[in-house]
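As you go down the protein sequences, you meet chains A and B in turn.
Sequence positions in the first sequence follow the working numbering and run 1 to 139.
Sequence positions in the second sequence follow the working numbering and run 1 to 252.
Please keep in mind that the hints were generated in silico from the structure rather than gathered at the bench.
It cannot be assumed that every hint is accurate.
Quick look at which bits of chain A chain B covers, simulated, 3 or more residues with Cβ under 8 Å [stated by the list, open to error]: (1) 31 to 44; (2) 56 to 64; (3) 79 to 88.
Idealized CB from N, CA, C, for every residue including glycine.
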Amino acid sequence: MEGWFEESFRELRRELKRLLREVEKMVEPIIDAETGEVEPLYEVIDAGDKLVVRVDMPKVNKNSIEVLRAGSKLVIKAGMKEPVRLCDIPFYSRCEVTGYRLELEIPPDIDVERIQAAYKSGYLEVTLPKQRVYRIKVE
Amino acid sequence: MKSSWSFMEVKEVPGADYLVIGMPDVGLVGLIASTYLVKNLNTNVVAYVDSPYLPPVIIYHEAQPYPVMRIHSYTTQDRSFLFLVSEVAMSPSGVYSFSRKLIEWTQAKDIDRILLIGGVPTPQRMKLEKPMVYAAGVTTDDISFLEKNGLNLFREGFVSGPYAMILKECYLKSVKGVALLAESFLNYPDPGAAAAVITVLNSITGLKVNVEPLLEQEEEIRARLRETMKRTMETMRESGKAYEFTVPAMYM
């Protein structure tokens, strides 16, 4: 009896979490209707002495890629070679996907002067080296 | 006990040599590959799968409604195929009952072998021109079938999510089952890995599906499936996917 109750309670908790995530997603804009920009898929990998931001940006015109440091933010923008049209789907019928925009907070231990970026086969890799560790002599 | 899953046949479903299953998971490999297969082979929808565990959605394509989980049929001169395609990732709470019902249905339909098509994540995917496909078999018959076809056996490691439960159910009921898993991105749609899986499927089943158009459309597919990948990642986070990066103690 107790096992059944605990399992039902766990199931209820899972469902509430799922609903909460659904609500959070609903307030997150999928596409900027004005600019046609979407947030690309990305991941941040901690490679010890550096962070690597890998961004999936298919169909991009390489010359249009901009990687900017704006205050404490890393801003990545790129335009597509040609827009992705999903006109048959009502949600997208009155706009087209024309590019990507991603904004990420740069952690304080990053050496911003040495940030590098490379684009290959539709993937952008931004390398953010961490500041060097200096040994301080203890007297 | 009544199952929470129903297999509703809209046409007579014949027995088949192979039931090929493609679901959204790592790199959407299973979804991309199975959708490409059913489109290119001009298959017929013969059944739907329904359950309260599936989200309350229906798909419209060319003004026709389609449930999100469908079974397609295709026959060549000497082989018969069923394809189970799911457009949505399955919530972990429904996976167990689904696997049980699927295997019951497979046995009732006298299907010879289940082939699960999907991906296995690798951090080196970006550097790989041609992803390798691993084959995980269940029965001794499966292992000799895979060895005879010269496939790379999945020898060590965890498989997680719906495919893991289906393989487990195959193991418990001695049903022939194989998972073909191409090295893929974890969280980006990966048409290249889907093409690799189809190439192996061609070689072991006698299908002749040309993957060139799939590779040519790679960037377009990646751009279009961005949202589907996001939704799938949310489900994957709950389904023990992290186990696939874990070294099992048996490997010590």
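With a C-beta cutoff of 8 Å, work out whether three or more residues of the stretch 56 to 64 of chain A approach chain B closely enough for the coverage to hold. holds (count 3)
Given that the stretch 79 to 88 of chain A was listed as covered by chain B, double-check it with a C-beta distance under 8 Å for 3 or more residues. holds (count 3)
Given coverage of the stretch 31 to 44 of chain A by chain B, checked by CB-CB distance under 8 Å (3 or more): holds (count 4)
Checked against the numbered hints above, the structure breaks none of them.
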